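Trainee: Let the hints inform the model, and build the full structure from the sequences given.
Residue numbers (the working numbering), protein chains in the order written: chain A, 6 to 231; chain B, 6 to 231.
Just so you know, the hints here were simulated from the structure itself, not pulled from any lab data. All of these numbers come straight from a predicted model, not from anything done at the bench. The beta carbon of each residue, even a glycine, is placed where N, CA and C say it ideally should be. Do not take every clue at face value.
[As the list claims (entries may be wrong)] What the simulated footprint calls covered on chain B by chain A, stretch by stretch (three residues with Cβ under 8 Å from a Cβ of chain A suffice, anywhere in the stretch; the number is not a length): (1) 64–74; (2) 112–119; (3) 158–168.
[Said to hold, decoys possible] Rough simulated footprint, nothing fancy, chain B against chain A, three-plus residues with beta-carbon under 8 Å: (4) 62–75; (5) 105–112; (6) 116–130; (7) 141–148; (8) 158–170.
There are 2 protein chains.
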Amino acid sequence: MSGAGRRALVVFSGGQDSTTCLYWAMDRFGADRVIALTFDYGQRHRIELEAAADVAEHAGVEHVELPIDTFAALGGNALVDERVAIEAPDGEEGELPSTFVPGRNLVFLTFAAAYAYQSGIADLVTGVAQTDYSGYPDCREATLEALRRALSLGMEYDFALHTPLMFLSKRETVELAVSLGALPALALSHTCYEGRRPPCGKCPACVLRARGFAEAGVADPLLAAP
Amino acid sequence: MSGAGRRALVVFSGGQDSTTCLYWAMDRFGADRVIALTFDYGQRHRIELEAAADVAEHAGVEHVELPIDTFAALGGNALVDERVAIEAPDGEEGELPSTFVPGRNLVFLTFAAAYAYQSGIADLVTGVAQTDYSGYPDCREATLEALRRALSLGMEYDFALHTPLMFLSKRETVELAVSLGALPALALSHTCYEGRRPPCGKCPACVLRARGFAEAGVADPLLAAP
Chain A
6 MSGAGRRALV VFSGGQDSTT CLYWAMDRFG ADRVIALTFD YGQRHRIELE
56 AAADVAEHAG VEHVELPIDT FAALGGNALV DERVAIEAPD GEEGELPSTF
106 VPGRNLVFLT FAAAYAYQSG IADLVTGVAQ TDYSGYPDCR EATLEALRRA
156 LSLGMEYDFA LHTPLMFLSK RETVELAVSL GALPALALSH TCYEGRRPPC
206 GKCPACVLRA RGFAEAGVAD PLLAAP
Chain B
6 MSGAGRRALV VFSGGQDSTT CLYWAMDRFG ADRVIALTFD YGQRHRIELE
56 AAADVAEHAG VEHVELPIDT FAALGGNALV DERVAIEAPD GEEGELPSTF
106 VPGRNLVFLT FAAAYAYQSG IADLVTGVAQ TDYSGYPDCR EATLEALRRA
156 LSLGMEYDFA LHTPLMFLSK RETVELAVSL GALPALALSH TCYEGRRPPC
206 GKCPACVLRA RGFAEAGVAD PLLAAP
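Mentor: Structural data, given as structure tokens:
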């Protein structure tokens, strides 16, 4: 099915995955029919929001920012709460990373659907993936399909929920970005959990990003950026 | 199944339906095992939040308030946007009331689930109903079941989503409140869309509440309140 004539809303953090998804949506729907939606939910590092604005401007797409003050009020996770250390799970069965914000993607997609509903947009795009690097249960296909159903029933609107990275490895995500011409935009994207630019290179997010580029045999343009 | 030993989180607006649900949960789980969760989402009338606090205090249950600033940023509906008139749908097929906030109950329940997850609570209670008076598609059982599945998968936590009013008429909801001893609390509850106390008696919410009490042959204690 072609995306011609339709418009798409991309849940857009300004990171590697959502930047790749943005270019996927531009390729499929046309740059003038894509909106990038970024949530200001109290991220520790404002650099993420700046990166999102920079990438959207570079891509030439409309960029919308919406606030969510609820996660900070909930607290208790490393992405919004400075008292919680950023740690990958130590491998114990069923343990979730300290960066797990319960329901984060569900909330993002529900607000995205509300914005899309008001704008007459039925196509939602998100960069979640359930492959080797996720660890977040709200990124899995079964979760997303249940949510798509809840959103469509709850708003009486037949949403499509596109997850172009769902079954890609990090290597394949880099290869997709290359094929879509997204590398220059990825120089502006932000991944590091420590909020550093140049990136710290040591946090779980930096390590994961570096591995994907290494496996694809592609130099990460972020590391060459001034 | 008895609720003994478990705790429950009630999505609690301070209105008639959620007050009845609060007493339902107290009866089932015990007052000291129930938390009432109220969202400050930019309601036009602060009296709703005051009513919620008053009812929770009267009931003797723990009361938590969480902010959501996103709906006001989205705008476009009568409950948070003063530029939109409060109107019932004029009966045209498929039309939704101007008070429809897209995704509101989905967002409320997702944040409730996030709070419950962090507190080790698996039982969520909400006063939504799909019977004669709703008109909101996010109040229907199929929507709620899809959402319960998304929440449980997305947080790897087996939530139960209790909807004691789902198939009750307004009359039956009043009868349930009487049987649970909730009438004195209902004197403190708030329903009027116009934010008036005593209530305006003319808005769709007032008319609906009055009809339920009339059909049950019970005097609304709110109207006798000082």
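Trainee: A separate judgement is required for each hint: does it hold in the structure or not?
Mentor: Verification of the hints:
no. : hint    : result
1   : 64–74   : holds (count 4)
2   : 112–119 : holds (count 5)
3   : 158–168 : holds (count 4)
4   : 62–75   : holds (count 5)
5   : 105–112 : holds (count 6)
6   : 116–130 : holds (count 6)
7   : 141–148 : holds (count 5)
8   : 158–170 : holds (count 4)
In this structure, none of the earlier numbered hints is contradicted; all agree with it.
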